[in-house]
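Protein chains: 4
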Amino acid sequence: MTVPAPLTGVVPPVCTPLTPDREVDVPSLLRLVGHLVEAGVHGLFLLGSTSEAAFLTDLQRRLVVETVVSHLGGQLPVLAGAIDMTTPRVLDHVREVTAAGAQAVVVTAPFYTRTHPAETARHFRRVAAASPVPVLAYDIPAAVHSKLPAALVLELAAEGVLAGLKDSSGDLAGFREVVTGARSRPDTAGFSLLTGSELIVDSALALGADGTVPGLANVDPHGYVRLYRLCRAGDWAEARAEQDRLCALFGMVGVGDPARMGGGSSALGAFKAALRLRGIIDCPATAEPQIPLSAEEVEQVGKFLAAAGLL
Amino acid sequence: MTVPAPLTGVVPPVCTPLTPDREVDVPSLLRLVGHLVEAGVHGLFLLGSTSEAAFLTDLQRRLVVETVVSHLGGQLPVLAGAIDMTTPRVLDHVREVTAAGAQAVVVTAPFYTRTHPAETARHFRRVAAASPVPVLAYDIPAAVHSKLPAALVLELAAEGVLAGLKDSSGDLAGFREVVTGARSRPDTAGFSLLTGSELIVDSALALGADGTVPGLANVDPHGYVRLYRLCRAGDWAEARAEQDRLCALFGMVGVGDPARMGGGSSALGAFKAALRLRGIIDCPATAEPQIPLSAEEVEQVGKFLAAAGLL
Amino acid sequence: MTVPAPLTGVVPPVCTPLTPDREVDVPSLLRLVGHLVEAGVHGLFLLGSTSEAAFLTDLQRRLVVETVVSHLGGQLPVLAGAIDMTTPRVLDHVREVTAAGAQAVVVTAPFYTRTHPAETARHFRRVAAASPVPVLAYDIPAAVHSKLPAALVLELAAEGVLAGLKDSSGDLAGFREVVTGARSRPDTAGFSLLTGSELIVDSALALGADGTVPGLANVDPHGYVRLYRLCRAGDWAEARAEQDRLCALFGMVGVGDPARMGGGSSALGAFKAALRLRGIIDCPATAEPQIPLSAEEVEQVGKFLAAAGLL
Amino acid sequence: MTVPAPLTGVVPPVCTPLTPDREVDVPSLLRLVGHLVEAGVHGLFLLGSTSEAAFLTDLQRRLVVETVVSHLGGQLPVLAGAIDMTTPRVLDHVREVTAAGAQAVVVTAPFYTRTHPAETARHFRRVAAASPVPVLAYDIPAAVHSKLPAALVLELAAEGVLAGLKDSSGDLAGFREVVTGARSRPDTAGFSLLTGSELIVDSALALGADGTVPGLANVDPHGYVRLYRLCRAGDWAEARAEQDRLCALFGMVGVGDPARMGGGSSALGAFKAALRLRGIIDCPATAEPQIPLSAEEVEQVGKFLAAAGLL
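Line by line, the protein sequences give chains A, B, C and D. FYI, our numbering numbers position 60 of the first sequence as 60, with every residue one higher than the one before it. FYI, our numbering numbers position 33 of the second sequence as 1033, with every residue one higher than the one before it. FYI, our numbering numbers position 48 of the third sequence as 2048, with every residue one higher than the one before it. FYI, our numbering numbers position 62 of the fourth sequence as 3062, with every residue one higher than the one before it.
Check each hint, because a few of them may be wrong.
Cut-off 27 Å, straight-line C-alpha distance, at most; resulting in silico cross-link-like pairs (DSSO-like, lysine-lysine) [claimed, not checked]: (1) 2147(C) <-> 3147(D); (2) 147(A) <-> 1303(B); (3) 303(A) <-> 2303(C); (4) 1147(B) <-> 2303(C); (5) 3303(D) <-> 147(A); (6) 3147(D) <-> 1147(B).
Just so you know, the hints here were simulated from the structure itself, not pulled from any lab data.
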């Protein structure tokens, strides 16, 4: 199984269900994967930010990839994050996740260290040279505190260093520059243009994106698959209505009290609470040191599900 | 060997010499350690930012700690960084570095993830509960993009969660708040107050710090030991002259052309070039994706050494 | 003349032509206004960021508004920025620009001072209570270093404090939250939803924006009017083609050498150079301390114009 | 009266007392000035951040300078802030405050606009060329979102563009670089090196600063004058004790509830509440849109005063 070039459609960043002891809950993970596959998604992205990759140990990361890849048996392309601070550490993860069966890796700019564009370019070149599978860049300034310049992405695409971009920057104008640039040059044919901004998927597809990696698709994969098909069919009015419904559902990420927890604890807690309420996973635990939602906050998540017709 | 409470004196964050292939250069590492010990430093901090911990693989990190601990044979306290994004991953590093002999661990706030003070507090509490050795907090906002509030550090000190603070924030007023607070309450007795700001060590010691963790001490440990002794003796005029000499030497971190590389590549490249020029390590290579200094930039490093009387 | 509620269509932030001595060039300003009116724009926004409001003295600001308002004679709605640090200073500008004839004012969150959401809310409430004309919020985090939360904008809209939003944040998902929120509640009827992101105007209109305030419309107002009409007609394919042409033209903002100048000098310099090359204004000078474009950089601007069919 | 070169000693940034209607309270202002002069301060800095310059209208700014200058009759040097976004607007303030009698002006880097070091340099050069009095640079990254590089300050000092630096960056190592640089070159003789970091005045004086501009000196000018004299006498132990007492007193800036207000509202509210409690000003009002302290919060301010022996 190789990853299509370009990769198109809905590629959810798969949540990692945990047991109350914060171990990977394999049966729940397989149920979640089944739920996504049944909905018609076009690929799976393991070990992304929504997967709590930043919190998973190396053993847990490997277990997640092996579990999903062997379960899928090649039904769908599987991408895996190789999220770490710098080139040597990322390469260790690339080795692990490809040994476990990932068909492409997703890599951010360096972080923790001070980052210069020349160092970021060197990083992607070194990683791609050593990776046995295609490398997609993961542009996520909120996590790594630098933004991938459009010109750099296009240069690395043309060189064959990068096979695609997952844009989680929220900067649609910047993403458009990459999309338009990639469409206009022959040497970037097959480059995958994926948006991670789950609230403007219709906008991103309208301006030429190939697909989307929406965290909220864990909760409502059918909605995102429907949205994708409507966009591909050019039915923009219906697409906007579906996107608006998903935006309302996304409101669940704000249920956590900001005096008690950060936005990450709230958002990932809400996704997992929703998956539990929908009967897909057994336990809504998020990894340490995230703060759990209160019973009342979980109740609010239920209201978002009900309003979206998902309960 | 246990770490003194408080830990006092000069505790260099030890550079990690690499071979041209970017493997740990064990003979050079041992020569560097010998150079530091001979100068009279009071402890060693392995796997900090100056050690390129963010770039070292897990195997390399383990090798560094084992090499140095077994070489020292308990002569000096050895601290090791357990630098990773979140609690579960940090705990894996704590296990590794303590198994390898580290006598205390140094831990930052979570990074990559969005960070709320309540999550940071929970992080340190969880890490300390599981760590077999004392935990020092590493306040380094330039890397982790959050600042440890003084009140939180003092609270965790009083609870026995934290055994000390390595302050690399550059915010001396904030550090003073911790120092003054810790000095004024009985439940924080023995808490170690260390500054990582190598250019204001005299200032930090004057206001009550216990010691310092200066990256530049790799290059000139004798200077920092002399500075520490002058401060302890209350000879502030001589201390200031020595600090000014070290500040001038520190100018080497700016030799790298900012159009070609970031500040980290320049600073770590300069330290290693200086160690090579002084004959202590064999190869000035820094880890990927850092950009190497040019021959001309290395020549400038030599001029800084000469001006400081070190060549 | 009052401002329609909502204000719809293309409302360019009008450049302020200067003489070589950096005085307002009134004949050039009037030619520029004529050029915009002739293209069919739906309103004018004076004293915005693209107008160099941050650089104009109080006398120059007043002259600009008086000149344009008296020239237009009520043909088109005229909005004016009241850009300053805090409430009392903003209110002085509100008095000046409304005395000079502006029919609505555009106001940012406080800046220079540390800004808390409660202070931002109080600021808009105080300004609106004292303003004789409607107040639009100007969300421009790149300038003021805080982002207006969607919930706050909606709350102030429902209270009648704000008459509209000019969103220059680049965060289309956040803008959508305001658009969807405003559309779904009766107490925000007539609220004007304007995007300042000139590269994603089609996206913003598709998801429900009323209009746009594109800096690049100084250079090519006909293009933006065409784009607006295509979007309103639901001809999204043609709209996208027009938007893509405008995105390519926008590339001119990058002509300035980043080693010599900042992005503002480059962008405003390029707009004014383009207006000069098109024969609309006499002098491309930008206000101090901006760095002028070189002759070679101006030549590149000409190439962008030629490629877009504007020379 | 001209400003000494260098200016030395304690130069408080004078609070601007307001009436309940937020007009300048001239009698209170004169009492405050008298209180400062009586304590032995060495100069006054009007229209700084602590003076709420960002909130004062142009008329209020002028009134403050005229009032204080005419009252002092040349007893002490008077500096005034010319705080605005860019060169032309700053120059208008320079004209106003010097016409009103200020003997030097204090100017920040440009803000609101995007700022490149070359633009910042040009800004200071243009301002100094047009100013009839000496220009001091005001380094305040928390407000203007850029840091003045030490090398740039030294270059402008050597050119005669800048007569001094007020460093409110909190970065003592960076300040030291300027101090050491200025001390080591003949072409910067007379350059005034002032720290705005009121919690580390002893540290700054120890490493060579000429003086300090501490906001807290409004509340306790006698303390800062005593601290300055102890440092000048080389009595570092007593100086540290006095500084520690002032640090404890400074705790008052945190009395405001962070859920209700920002740090600025809290700090300026506390200073003014303290001045009222000490009987120096009539009304603790701060300018809009700052949030007033509650009665309970004011009570806490009183406890800080009592603990410092000031009630």
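Evaluated hints:
no.	hint	result
1	2147(C) <-> 3147(D)	22 Å, holds
2	147(A) <-> 1303(B)	36 Å, violated
3	303(A) <-> 2303(C)	56 Å, violated
4	1147(B) <-> 2303(C)	47 Å, violated
5	3303(D) <-> 147(A)	47 Å, violated
6	3147(D) <-> 1147(B)	18 Å, holds
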